[in-house]
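Protein chains in written order, with the working numbering: chain U, 3 to 405; chain X, 98 to 826.
Calculated from the structure, these hints are not laboratory results.
C-beta: ideal position from N, C-alpha, C; glycine also.
Accuracy of the hints is not assured; some may be wrong.
[Claimed, not checked] Calculated lysine-lysine pairs in the BS3-like style (CA-CA distance at most 27 Å, straight line):
#1 Lys454(X) with Lys594(X)
#2 Lys34(U) with Lys204(X)
#3 Lys45(U) with Lys454(X)
#4 Lys128(X) with Lys100(X)
#5 Lys128(X) with Lys204(X)
#6 Lys360(U) with Lys394(U)
#7 Lys454(X) with Lys204(X)
#8 Lys45(U) with Lys204(X)
#9 Lys45(U) with Lys26(U)
#10 Lys146(X) with Lys528(X)
#11 Lys34(U) with Lys146(X)
#12 Lys690(X) with Lys674(X)
[Unchecked claim] Pairwise CB distance ranges, derived in the manner of DEER restraints:
#13 Asp65(U) with Pro127(X): 50 to 58 Å
#14 Ala304(U) with Glu493(X): 52 to 60 Å
#15 Glu496(X) with Leu303(U): 49 to 57 Å
#16 Phe467(X) with Leu303(U): 56 to 64 Å
#17 Gly720(X) with Ala304(U): 47 to 55 Å
[Said to hold, decoys possible] Residues of chain X placed beyond 12 Å of chain U at every Cβ, according to the derived structure:
#18 Arg178
#19 Ser180
#20 Arg210
#21 Gly278
#22 Thr328
#23 Gly395
#24 Glu446
#25 Val458
#26 Gly822
The residues making up each chain are set out below.
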Amino acid sequence: MPRTIMMPALSAGMEEGTIARWLKPVGAAVAKGDVLVEIETDKATMEYEAEEGGILGAIMADDGATVPVNTAIAMLLLEGEDNAALAEVADISTVATPPVEQGPMDVPVSLRAEPEVTRSRRLAASPLARRLARQRNIALEGLSGSGARGRIVRIDIERASQTAVAAPAVVVAPPASPSVAQPFAPPQAHSAAPGWEGLSQIYLTARCEVDALLDLRARLNEAGCGTYTLLVNDFVVRAAALALREVPNANVGWIGSSSQLYDNIDISMISAAEDGLVTSIVRHADSKGLAAISAEIGDFLADSACASTPQGDDNRGGSGFTVVNLGAFGVESAGVTVNAPRGCVLTVGAAERRAVVKGDACVPATVMSCTLSVDHRLVDAAVGARWLAVFKALIEQPLRLVA
Amino acid sequence: MEKAGIQQLTPMSPWVQLNATPDDWVAADPKLLANMLASMVLVRSFEEKVLELAGQGLVHGPAHSAIGQEGGATGSILAMRGSDQINGSHRAHHQFLAKALHYAAPKGVAVDRPFGDEVRAISQRALAEILGLAQGYCRGRGGSMHLRWAEAGNLGTNAIVGGGVPMAAGAAWAHKRAGTGDVVFTYFGDGAVNIGSVLETMNLAAAWKLPLCFFIENNRYAVSTHVEEVTAESRLSARGLAFGIPAWKVDGMDPLAVHLAAQEAIARMRAGEGPAIIEADVYRYFHQNGPLPGSAFGYRSRDEEQAWRTRDPIERVAAEMAARQLIGEDSVAALRARAKALMDDITGELVEDHEDKRRIVPALWPSPDFRDFGVRGDLSELAEARVVEMEDFPGEIVEARFVDVVADVMERRMSADPRIVVMGEDVHRLKGGTNGATRGLAAAFPDRVLGTPIAENAFVGLAGGIAMDGRFIPVVEFMYPDFMWVAADQVFNQIAKARHMFGGDSEMPLVLRTKVAMGTGYGSQHSMDPAGIFATSVGWRIVAPSTPYDYVGLMNSALACKDPVLVLEHVDLYTSKGPAPVGDLDYHIPLGKAKRVRRGEQMTVLTYLAMVRPVVEAVDRLGISADVIDLRSLDRAGIDWPLIEESLDRTGNVLIVEQGSAGTSYGGWLADAIQARCFDMLDQPVRRVHGGEASPSISKVLEAAACCSPADIEAGLRSVMADQGLALV
Chain U
3 MPRTIMMPAL SAGMEEGTIA RWLKPVGAAV AKGDVLVEIE TDKATMEYEA EEGGILGAIM
63 ADDGATVPVN TAIAMLLLEG EDNAALAEVA DISTVATPPV EQGPMDVPVS LRAEPEVTRS
123 RRLAASPLAR RLARQRNIAL EGLSGSGARG RIVRIDIERA SQTAVAAPAV VVAPPASPSV
183 AQPFAPPQAH SAAPGWEGLS QIYLTARCEV DALLDLRARL NEAGCGTYTL LVNDFVVRAA
243 ALALREVPNA NVGWIGSSSQ LYDNIDISMI SAAEDGLVTS IVRHADSKGL AAISAEIGDF
303 LADSACASTP QGDDNRGGSG FTVVNLGAFG VESAGVTVNA PRGCVLTVGA AERRAVVKGD
363 ACVPATVMSC TLSVDHRLVD AAVGARWLAV FKALIEQPLR LVA
Chain X
98 MEKAGIQQLT PMSPWVQLNA TPDDWVAADP KLLANMLASM VLVRSFEEKV LELAGQGLVH
158 GPAHSAIGQE GGATGSILAM RGSDQINGSH RAHHQFLAKA LHYAAPKGVA VDRPFGDEVR
218 AISQRALAEI LGLAQGYCRG RGGSMHLRWA EAGNLGTNAI VGGGVPMAAG AAWAHKRAGT
278 GDVVFTYFGD GAVNIGSVLE TMNLAAAWKL PLCFFIENNR YAVSTHVEEV TAESRLSARG
338 LAFGIPAWKV DGMDPLAVHL AAQEAIARMR AGEGPAIIEA DVYRYFHQNG PLPGSAFGYR
398 SRDEEQAWRT RDPIERVAAE MAARQLIGED SVAALRARAK ALMDDITGEL VEDHEDKRRI
458 VPALWPSPDF RDFGVRGDLS ELAEARVVEM EDFPGEIVEA RFVDVVADVM ERRMSADPRI
518 VVMGEDVHRL KGGTNGATRG LAAAFPDRVL GTPIAENAFV GLAGGIAMDG RFIPVVEFMY
578 PDFMWVAADQ VFNQIAKARH MFGGDSEMPL VLRTKVAMGT GYGSQHSMDP AGIFATSVGW
638 RIVAPSTPYD YVGLMNSALA CKDPVLVLEH VDLYTSKGPA PVGDLDYHIP LGKAKRVRRG
698 EQMTVLTYLA MVRPVVEAVD RLGISADVID LRSLDRAGID WPLIEESLDR TGNVLIVEQG
758 SAGTSYGGWL ADAIQARCFD MLDQPVRRVH GGEASPSISK VLEAAACCSP ADIEAGLRSV
818 MADQGLALV
């Protein structure tokens with residue numbers, strides 16, 4: 003069998019070599035150690051020596067040919083062999099030098115022309131402003147920026163949220179007591195992000211008996227010896243929060259024009275004050291006890307009474323589930339219009355002694371009317387009704403609120 | 098011919114050619130010759146295996162073989178004792194192995210018995226290192242060019258030509274100071290003889306009489322450039338004449354000649370007579386790297402290669418031993434076969450066949466998460482340090498001149514810790530150097546305050562070698578920060594990278610002091626703030642104290658730290674007065690702890706060194722409610738993110754203030770890190786105040802214009818206020 007001489011790998015990573023020139027012609031006798039051929043790489047030229055003796059039977063890569071490593075470049079006839087032996091090694095033409103394919107230049111991806119991407123000019127707002135706006139559900143569109151080149155910065159969001167607090171995006175639907183309806187200003191255009199068109203609301207009302215709650219409240223306040231004074235409202239906030247835990251689909255609102263299911267259970271409280279409305283928010287209300295909720299709301303109201311203008315920071319927003327308590331005004335019930343960013347508003351009326359039919363008897367009971375207004379695009383009636391049922395059960399079995 | 102007015106001068110040091118005579122060969126200890134033979138055969142087999150693996154594409158990166166040069170390394174190393182040390186260059190497998198073998202088998206490797214376990218272990222760990230594997234001496238980090246095994250006296254080899262030479266001088270300094278009598282050999286080639294690191298170190302080693310042998314392996318070619326093309330005096334040992342270093346020239350293909358020269362050099366060095374030079378004429382049979390001969394690249398002829406091969410050092414020793422009937426041909430062949438079998442065997446532990454190809458056993462690679470391990474230490478050395486911030490200082494605080502406190506704390510530390518040694522230009526004169534920062538130290542510690550030649554690269558590298566040795570703590574002064582460029586290789590390639598490059602656990606306890614001199618009219622080449630450049634060099638810690646009180650605590654921490662620490666000083670601070678402790682110079686301020694010096698809500702100002710005071714003044718003058726944070730620690734690991742993030746979360750706005758010019762400025766990377774970490778806290782882009790584009794000029798007016806001024810600070814503060822919608826009137 004003749005020996006096939008391959009293009010050697012002269013160095014690590016060498017993939018191909020060029021035949022500089024053959025130093026022996028076909029038919030020449032070759033001794034071990036004779037230089038057969040000079041092979042060039044990109045840096046070096048190497049003399050390639052015969053590893054054994056014989057006759058150079060065939061050259062398959064001529065001078066100047068560039069061939070891959072381990073490709074046959076010649077055949078060496080060993081002692082006693084002649085050209086006929088070459089036939090044994092299949093058809094030489096099949097092992098002959100394949101031309102080295104010079105593929106199209108591989109252009110690095112980064113250099114290829116990219117299709118022009120058209121981008122609308124982004125509203126300039128600082129990262130901090132964007133974060134605060136997101137937290138407070140304030141739309142950046144329409145705000146004028148005080149920063150460099152009109153960039154919207156933190157101070158612009160703070161100003162906008164003060165405006166929003168002074169004129170909350172909640173209006174009382176008629177009919178309502180004029181003395182209460184008056185402070186409710188029409189919503190700001192920018193806070194009606196999803197638009198008034200197609201706004202559909204559902205109002206669901208439940209009457210809750212609160213004698214047990216009032217009794218528990220009295221006992222708890224007595225036991226507290228003045229360290230806290232629980233209001234009915236505190237029970238309502240806690241019950242609303244626990245009901246949301248059970249019916250999380252009611253914990254929704256808007257961010258810009260998209261609906262948002264909230265992870266945290268935060269309850270906003272809107273209280274009527276002499277000269278307007280005050281919004282406070284109890285974060286993670288489901289994980290706070292009655293006394294904590296009471297203290298938080300109390301602190302907030304005290305603060306806002308002292309401050310000449312309400313302070314805006316990210317603890318005082320007005321998103322999420324909202325409770326409006328109109329009981330202090332003697333309002334029996336009201337359906338409040340839900341406006342973005344809110345998804346649900348619970349309006350609590352006054353607790354009043356009424357005749358309630360139980361079995362066939364008519365018995366006196368203290369009853370509090372609670373109306374859940376839902377934005378129908380976010381919450382359907384079934385979810386709202388379920389939430390209200392859970393809420394009513396909690397209010398009527400108030401020990402569950404201290405469990 | 099004598100001529101009137103001409104007097105012949107002679108160099109102060111001898112320069113000789115040493116040849117081994119036939120009598121020397123006859124007199125040579127048979128055990129020595131056997132050891133030489135075994136050592137060289139092992140080294141050769143090892144390197145042939147490396148080239149074989151390189152040919153298979155299994156050595157990532159270059160494999161610089163010294164096949165043919167073994168006589169120089171083995172001949173000299175067998176003249177050493179185990180506690181002597183060496184370092185080398187990119188071509189150092191032979192020196193590394195010869196030293197390791199000599200250390201592990203001090204009585205010699207036998208030629209007629211199987212190799213011991215230690216020979217196998219050394220070979221395997223060295224090969225694993227060259228392949229980049231976790232079991233290597235440097236956990237695969239160093240590879241072929243960074244081999245370190247400190248225990249055996251292998252200080253670490255170097256890929257920068259001549260770069261290891263100053264470090265070797267540091268080790269020699271430590272031996273001299275410790276009085277052990279140990280010596281250091283630094284090996285390098287003909288290509289390194291013309292580089293500054295080597296020549297500067299020759300001068301310094303001779304001036305300080307260090308036990309350091311400059312061993313030149315003159316193999317004639319720097320890659321493909323012949324030695325006679327690049328120097329007029331190609332007998333390279335002649336360099337010694339310029340520095341008063343005795344020099345021996347020997348035939349490196351004759352290991353006994355090398356050995357005899359090394360013995361003479363070592364005797365002189367151990368006797369405290371200073372450095373030596375040995376030039377060994379050797380030849381690498383192959384090209385710079387890889388398995389091809391140099392002739393394949395056309396820069397030398399096959400005839401020349403053949404001529405050198407006929408003088409092969411292994412065959413020479415075998416022949417001389419045979420002539421004395423110490424060994425037979427068969428035994429030599431058996432020795433070579435045993436060495437080859439050993440290398441095949443250890444390769445089998447590291448390499449496997451996989452789908453018709455050879456590959457590294459995958460489980461042996463280092464884990465990718467080892468990438469950054471050990472770029473710096475963990476500061477556990479400071480865990481017990483007594484930290485006292487100024488607000489909590491129980492004693493009296495007085496106003497003191499900054500520069501006096503600089504000298505006082507060093508005096509205090511040097512009294513308490515005899516390991517500390519101070520070096521730099523003029524630090525021992527002029528009543529405490531050019532600024533008085535080393536006042537009184539030379540008088541108190543005359544042998545520990547060293548005035549250096551003007552050769553920053555050599556003396557800071559020497560200090561690096563002292564630090565790595567570990568017995569002493571060098572404190573280097575650069576008279577001006579800009580001189581870091583002069584010393585850049587030692588500062589950034591050697592000192593900064595050593596711990597990481599050699600596997601992550603060797604220490605580098607070095608303190609570099611320098612003073613920012615903007616405002617003194619020293620012009621373009623003396624007026625930089627180096628913090629920005631040092632901050633790019635992972636490995637350096639940087640502190641920049643703005644008060645005498647902080648200086649004391651930060652210098653104490655720098656001196657206790659096992660990493661290199663740059664301590665920045667400032668000429669404006671030197672002459673200023675600030676709060677300083679009375680009666681206690683031993684407390685620490687932690688590395689990596691910034692300090693809030695003003696509290697406010699509208700912006701955070703980050704600054705350091707001499708800019709702290711003007712920033713506070715400007716904030717007060719404008720009535721801005723700003724958090725002003727004196728960074729104090731400036732390196733990547735030293736940024737006090739908890740403090741900065743707490744501040745930025747409140748203020749939403751940040752201004753970085755520094756004095757120096759834009760190009761080398763510090764704040765750029767910090768701004769990037771802030772935006773990456775704190776983007777959602779920001780109410781405007783990270784803002785910066787710094788000097789102009791050009792280096793400060795000498796003209797007083799131009800210099801003032803080039804540096805950050807109080808007006809620039811005020812403009813920066815106003816701009817940050819305006820861009821948050823709170824423009825100041």
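Against the structure shown, which of the earlier numbered hints fail to hold, in ascending order? When the structure is compared with the hints, numbers 1, 2, 4, 7, 8, 10, 14, 17, 23, 26 turn out to be violated.
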